[in-house]
Amino acid sequence: MKFDSPAGENLFDRATVIGQPIHRIDGPLKVTGHAPYAYERHAVVEGQVYGYPVGAGIAKGRILAIDTTAAEAAPGVLGIVTTLEHDPIEGVFDYDPVRHFGGDEVLHYHQAIAVVVAETFEQARAAANRLGIEYERDDSAAFDLAATPEAAGETDTAPAQTVGDFESAFASAAVTLDETYTTPAESHAMMEPHATIAAWDGDSVTLWTSNQMIAWGRGSIAKAFDVPAENVRLDSPYIGGGFGVKLFVRSDAIMAGLAARKVGRPVKVALPRPMIANNTTHRGETIQRIRIGADADGRITAIGHHNATNALTTAGGENSTLPTVAFYAAANRLVVNDPARMDLPNSNAMRAPGETAGLMAFEVAMDEMAEKLGMDPVELRILNDTQVDPGNPDIPFSDRHYVECLNRGAEAFGWSSRNSAPGATRDGVWLIGHGVAGAYRPAPVLASGARVVLTPDGRLRIESDMTDIGTGSYTVMAQTAAEVMGLSVADVSIGLGDSDFPVSAGSGGQWGAASATAGVYAACVALRQAIAERLDMAEGDLTFENGMVRTGNTSVPLGEVGGGTDLVGEDAIEFGAFRSQEVLVATFGAHFVEVGVHAHTGEIRVRRMLAVCDAGRILNPMTARSQVIGAMTMGVGAAIMEEMAVDHRYGFFVNHDLAGYEVPVHFDIPSQDVIFLETADAYSTPLKAKGVGELGLCGVSAAVANAITNATGVRVRNYPVTLDKLLSGLPAA
Amino acid sequence: MRAFSYERATSPQGAARALAATEGAKFIAGGTNLLDLMKLEIETPTHLVDVNDLGLDTIEDSADGGLRIGAMVRNTDLAAHARVRRDYAVLTRALVAGASGQLRNKATTAGNLLQRTRCPYFYDTNMPCNKRAPGSGCAAIDGYSRQLGIIGTSEACIATHPSDMAVAMRALDASVETVNADGDTRTMPLADLHRLPGDTPENETTLEPGEMITAVTLPPAIGGRHFYHKVRDRSSYAFALVSVAAVVQADGTGRVALGGVAPKPWRREEAEAALPDGAAAAMAAILDGATPTDDNAFKVTLAERTLTAVLAQAQE
Ligand SMILES: Cc1cc2nc3c(=O)[nH]c(=O)nc-3n(C[C@H](O)[C@H](O)[C@H](O)COP(=O)(O)OP(=O)(O)OC[C@H]3O[C@@H](n4cnc5c(N)ncnc54)[C@H](O)[C@@H]3O)c2cc1C
Ligand code: SF4
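Residue numbers (our numbering), protein chains in the order written: chain P, 45 to 777; chain W, 27 to 342.
Note that these hints are calculated values from the structure, not bench results. Cβ coordinates follow ideal geometry from the N, Cα and C atoms, glycine included. Mixed in with the good hints there might be a few duds.
Stated by the list, open to error - Computed Cβ-Cβ distance ranges for the label pairs, DEER-style:
1) P:R693 <-> W:I248: 39 to 49 Å
2) P:R652 <-> W:P245: 39 to 49 Å
3) W:D79 <-> P:T499: 54 to 64 Å
4) P:A465 <-> W:A276: 32 to 42 Å
5) W:L129 <-> P:L108: 37 to 47 Å
6) W:G127 <-> P:G458: 30 to 40 Å
7) P:H86 <-> W:D62: 20 to 30 Å
8) P:R652 <-> W:H73: 52 to 62 Å
As the list claims (entries may be wrong) - If you want the footprint, here are the derived chain W segments under chain P, 3+ residues with CB under 8 Å:
9) 138-148
10) 158-171
11) 260-266
12) 321-333
Said to hold, decoys possible - A few chain W residues facing chain P, derived, Cβ under 10 Å:
13) K65
14) H255
15) A305
16) V336
17) A338
Can you make the complete structure from the sequences, with help from the hints?
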């Protein structure tokens, strides 16, 4: 099915199943421990043995030798694969430039260099510690982003956006801001570590793994093991979070496959938690110089944004300028993204890549501008809204209700009673502050396929390689099929994450739900056509309702149409160029936060949060809300605690486990409210839906930071905003 | 984890004897710290002597009106004990500020006192660390040291002792009872249990090889208001940046011990005379001679401000 013009009125507008707050259909399996994650799939293949990975102990250099004698002699050991016996295996995509395994070169700390296979996990781990590894350390490495020419703005990297004449507009602006903000490296810290069980059968390999993008993963594995893609099966039905670090296969899958081939047994490998931070990817650090010029009334005339970020090759990094090019109006703009090639592990996508770090800074800059202008920060944002692409005014936003997000939120939150004087509101020993920030994130989509099978018992089965990374894909896809076929969700079963199923959009970039539901729609339309042919009717004359297909006065139970055999519909949605060429399709939001800061110690406690989201049709308000409150929690982490500390001498993230890298605990999570605007974006998909999973994170941290400033009068421009950065500036107790 | 042998001791002296009999043996109590370190091969005992079944899990009133806490009393049980809550509330508050419910159910009194530092470089066996690998150097001093110590540290090691419980016990003038392989028992002030690192940060306590902790005793209750203010970046389940255990009397005198700043629970009795003059004066004396790094210099200010918060609360 081609989606090559905006959706008209269609069956989704009735929203009898889609749009309903239906509980997750995989929920009972998950809360009772019956949804097996990759490492626990004991039943899928006999004779599984354990591989324990070893990461490089240096950040840059060469491996001179790996002595395996002691490890080989250790109890239970079945085999050892070292990096020296393989050519380098690189990531398959330009934007995932990693060295999975192989070769003697060490590009970053904890790069995978060996895997030891044994009968038990404990034996493998013990033997892994017996490897004798000789390194030659290369000290000519760059680990400090602040010391790079990119950070100093000394490069002549081509701008990502130039509109008008930024320099002179900025120079002549009545009110200006010129500040530098930093955001640290962050770890995805998903619950389920990277894990894979690999088994070979001749030249074919199956990987039971944890991966967001099955078809991409299949291609990577085929290339890594030099086999045709048809010989590769990936299966990933349940995924304990990914946040972008599982967009691409990681070293666990490569090591499991290499080891399984070498020892001739199925091998399972999980990355130990302390290895994940440095072995895999992270959100890159950023140093952002932001310049904003406005006239005295607050109308922004000039926006400048320069972003420096770390990348193992120039293809990585956290591009914090992504939202800047389109979020606010301004006739003069200069936007530069400048990744610095550094020897830290590769930075890559983490939930709302670009927007997260970008809005952490820019939405604080907006708060500072409001302060300078003596304006309410909500007003300033409303005044500078744009309905067109600021870089190309001929291109309108397809459906943008940012102003309504701000207004609705301000009202629901009680913004008008906020005390704009910083450090002036108290609740006992707590300094109270309120902050706001805007949210912006594009709404991309990818082609997405599915197969639907109507069985004689009247039930429908959906098959797709789409993944559910805890987001609710199972549920919204079942709702879509139920809506189109006139069934209830209880009549629909669904299998996901298997590369034997039709290729879907996968999960990433908040394109998953919007694309995959459209794919299910396409498949269901194909099935409806098959049914129509069977009945010798025109599809348009049929009504699908309550498990029946009706035409005129006759009704047939759906299950009977096939006359005892299955009826199959298979198709994919393909999105036409109009969607990216004629309009900007994006999602918008506003976050409001109240914090308390301890007047003596500077301890920060978020007290309440509100998000208002404009994300098109909400497919299921319950799963959507889960996405948004989870994202808000992540934003609190980024605002006040999360930081992967870089050791500039040894070149690694020091706090590389969950004791040292703190993420919010339940007690940090206050009351959270989410309001979804009732919008529907006809340009987005046939369901008029867009993503919310990343939108929910955009701007949250800035709202927290702005609230802290309102509470204390202290402006911290280096995240995370921890108490040590507040102490010297707290108002007298 | 290296292979090890295991035995379950049946008496305290038997446990001490078993330990003395095997080179490289260690006691195991709740295992919540030791097993983690063994998995990473930071600890590599050849033999484990399990001390859980020695009847050391009771809390009893002592003859002098104080309290005798068996070495194997779980942190959860100690925190919930009626007399501890009534007479030694600082101890309950410190215990429940530590770790998580699950860990406290398993963690023991002796194990908690003897848990090892949380310095991140100590945990990464690729890094130099004088405590883990004597003589290899200290990666933390010029590295990421935000969590680490500011006083009582040395040029060889700036690690902190991570316990919350021990800080409260130090404020309460607790003592530690031990037994050795010969059956000799001794009692020492908790203040004397932990050593400062000096040139040998690997030697953390004054216990003799094989000496086993059998109990912790608390002197009779001292009244006053009891506080434990633990400051950290998130609201729970994190080690202290700074913690203040304080018992404050109605006349403004009191006791203060600090966690998160030193290789042992940090208390200077002589500095407490300054308490009635306020937090600034008292903390200046308590932290006199501090040598923080750039990363953790804020702890000096934070300790003072946390004490201010506690004293303000004491006056409410
Ligand atoms: C995730 C996590 C978070 C934590 N957070 C905190 C926190 O916030 N605050 C805090 O204070 N603690 C915290 N802890 C540490 C926890 O309190 C300790 O791990 C626990 O108290 C250790 O007790 P155990 O009985 O399990 O000791 P074990 O691990 O069994 O033993 C620890 C040491 O004591 C020795 N030992 C045990 N018993 C004896 C004895 N009778 N005589 C002589 N030596 C003995 C052992 O040989 C070993 O060296 C945390 C731990 C974890 C894992
Ligand atoms: S501070 Fe102590 S524990 Fe940490 S690296 Fe230095 S020597 Fe090791």
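### Query
Is the distance from the Cβ of P:A465 to the Cβ of W:A276 consistent with 32 to 42 Å?
Since P:A465 and W:A276 have Cβ atoms about 38 Å apart, the given range 32 to 42 Å holds.
### Task
Kindly confirm whether 30 to 40 Å is satisfied by the beta carbon distance between W:G127 and P:G458.
Hint holds: Cβ distance 36 Å, inside 30 to 40 Å.
### Proximity test - 8 Å, beta-carbon atoms, the region 138-148 of chain W to chain P, at least three hits
Answer holds; 3 residues pass the 8 Å Cβ test.
### Message
Next item in the hint list is W:H255. Is there a CB on chain P closer than 10 Å to its CB?
### Response
holds (7 Å)
### Query
Has the hinted range 39 to 49 Å been met by the Cβ atoms of P:R693 and W:I248?
holds (48 Å)
### Query
When you take the CB atoms of P:H86 and W:D62, is the distance between them in 20 to 30 Å?
Between P:H86 and W:D62, where Cβ atoms are some 25 Å apart, the hint holds.
### Task
Could you tell me whether the CB distance from P:R652 to W:P245 stays inside 39 to 49 Å?
holds (45 Å)
### Query
For the region 260-266 of chain W, does the count of residues with a C-beta closer than 8 Å to a C-beta of chain P reach 3?
n = 6 at 8 Å, threshold three: holds.
### 8 Å C-beta test of the region 158-171 of chain W against chain P, three or more residues
Contact hint for the region 158-171 of chain W vs chain P: holds, 4 residues under 8 Å.
### Query
Minimum Cβ distance from W:V336 to chain P below 10 Å?
With Cβ-Cβ at 9 Å, under 10 Å, it holds.
### Message
Tell me whether the statement that chain P covers the region 321-333 of chain W is true, taking a Cβ distance below 8 Å and needing three residues at minimum.
### Response
Holds: 5 residues of the region 321-333 of chain W have a Cβ under 8 Å from chain P.
### Query
Does the Cβ pair W:L129, P:L108 satisfy 37 to 47 Å?
holds (42 Å)
In the structure shown, no violation is registered for any of the earlier numbered hints.
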